[in-house]
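Peer 1: Next come the chains, spelled out residue by residue.
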Amino acid sequence: MSHQRQVGVPRWIYAPAAVGVALVLLPLAAMVSRVAWGDFLDLVTSESALTALSLSLRTSAVSTVLCVLLGVPMAVVLARTRFPGQGVVRSLVLLPLVLPPVVGGIALLYTFGRRGLLGSELDALGIQVAFSTTAVVLAQTFVSLPFLVVSLEGALRSAGQRYEVVAASLGAAPTTVFRRVTLPLVLPGLVSGAVLAFARALGEFGATITFAGNLQGTTQTLPLYIYNLRVTDPDAAVAMSLVLVVVAVVVIGLARPERSTR
Amino acid sequence: MNRSPLVLPAVLALVLPLAACGSDANDGDSAATTTLTVYAASSLTATFGEIAQEFEAAHDGVAVDLNFGGSSDLVTQIQEGAPADVFASADTATMDTLVGDDLAGADPQDFATNTLEIVVPAGNPAGITSFQDLAEQGLNLVICAPEVPCGAAAQAVADDAGVTLSPVSEEQSVTDVLAKVTSGEADAGLVYVTDVEAAGDDVEGITFPESASVVNTYPIVPVQGTDESDLAQEFVDLVLGSTGQRILADAGFGPAA
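Protein sequences, first through last, are from chains A and B. For reference, each letter of the first sequence is one residue, going 1 to 262 in the numbering used here. For reference, each letter of the second sequence is one residue, going 1001 to 1257 in the numbering used here.
Source of the hints: derived by calculation from the structure; they are not laboratory data. Note that the structure is predicted; figures quoted are calculated from it, not measured. Where is the CB? At the ideal position from N, CA and C, for every residue including glycine. Mixed in with the good hints, there may be bad ones.
[What the hints assert, rightly or not] Just a few of them, taken from the derived set where beta-carbon distance is under 7 Å, the chain B residues facing chain A:
# : residue
1 : D1065
2 : G1069
3 : S1072
4 : I1078
5 : A1145
6 : E1147
7 : E1170
8 : T1182
9 : S1183
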């Protein structure tokens, strides 16, 4: 690949590219410049900050597990089967990718809320979703699921079915083929999809604040905590924002190698 | 050197859509040559909309741009250089922040007051009748976060009444509290009297005597360094004058002390 003859790019293209890079990096640099380094440790280890961080990590972990449990079968069905209306189903399932999260929050409210579609059934079971940690997990899963499905479906398609066909012709049952051939083959794609889903869950804000509310220890995840503090305690908000940026950078680092080898 | 002209289209491409967004707020008043930008607390949305129309009707060629938000948010924006000509706050503490930063162009003047009211979904499913009822176990109570004026007021009223509130959610604005109540997710919320009036038939308001202990005062001021200081002062005068006061009273605001 590296021996390919280098085709030059037009010189002018560097100018808009640089503007684009600046547009992304300048705000981050500006934020870092506002960090109160002297109090940084105290700010990011305050009790309320740690509560929000721990809630964020726990809910995002549960959402990621849910995404894997539901998203892997979805990706397999979309990549390996043919059925009428498949294109429509794929588009609709990927909708949360482009939907404003606040719209997702409203939709979830009308589904799982007290007066929602499933509200009376849930009520009969004694389950109250709104204002609970369950609501946070639901919101996060709703917005992150497409990330896992997209990356895994891509991995499944580019992996092709050669090995699966061979395994099946040697007498392996579909479940065995799925477990012993398909899954190991797309494991890198699955891992990077799960990492992306985790990152999206960690950053989830709009659907959570619309659907789950904001209470320390129950529904106040890190983004909500930052939103809360941005006016009264900007130093703490900036410090915690930096923590999220670092997490995001780590996540990109984890998810990227799989992509470049594809 | 010959690259620099090409930066311009790139920058324009970035900025033009934003500029288009901004001009939408003028309500298509394309004849306007001067724009007065008013930053006001969310609870003033309806009344200041009306007052702005009166102002535009009385001033040819002037368009009023209204920007509503949480008072503390608005002050942060002004501190960061947002082009506000007038600022109207939902409480004096937030106005004090602006004055403390030397961003007030004059002495702030109080123009209205507001008190808290209990808001419940239509039909009052939880049967709330008093402020004490809000402390009931298992009640889905939603209030503003203590960092924002309506939350500070709720906390102060609860302290005065000796009632411990344990909300299921602390929201960032009265609008967010109302949304949780109108959707029926919350059994009760604490918002301002004027918010209940504005919310219509989806909700009911329940007044309580303890609310009198905490009265929120709304101050208004022209912002320091505005290019439109005369117009800004005229807008402030309109709010303080009989027209503004009538519109505010109609919406449920009390007169300034």
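Peer 1: Does each hint fit the structure? Answer for all of them.
Peer 2: Hint check:
no.: 1; hint: D1065; verdict: violated, 22 Å
no.: 2; hint: G1069; verdict: violated, 11 Å
no.: 3; hint: S1072; verdict: holds, 4 Å
no.: 4; hint: I1078; verdict: violated, 12 Å
no.: 5; hint: A1145; verdict: holds, 6 Å
no.: 6; hint: E1147; verdict: holds, 4 Å
no.: 7; hint: E1170; verdict: holds, 5 Å
no.: 8; hint: T1182; verdict: violated, 10 Å
no.: 9; hint: S1183; verdict: holds, 6 Å
In summary, the numbered hints that this structure violates are 1, 2, 4, 8.
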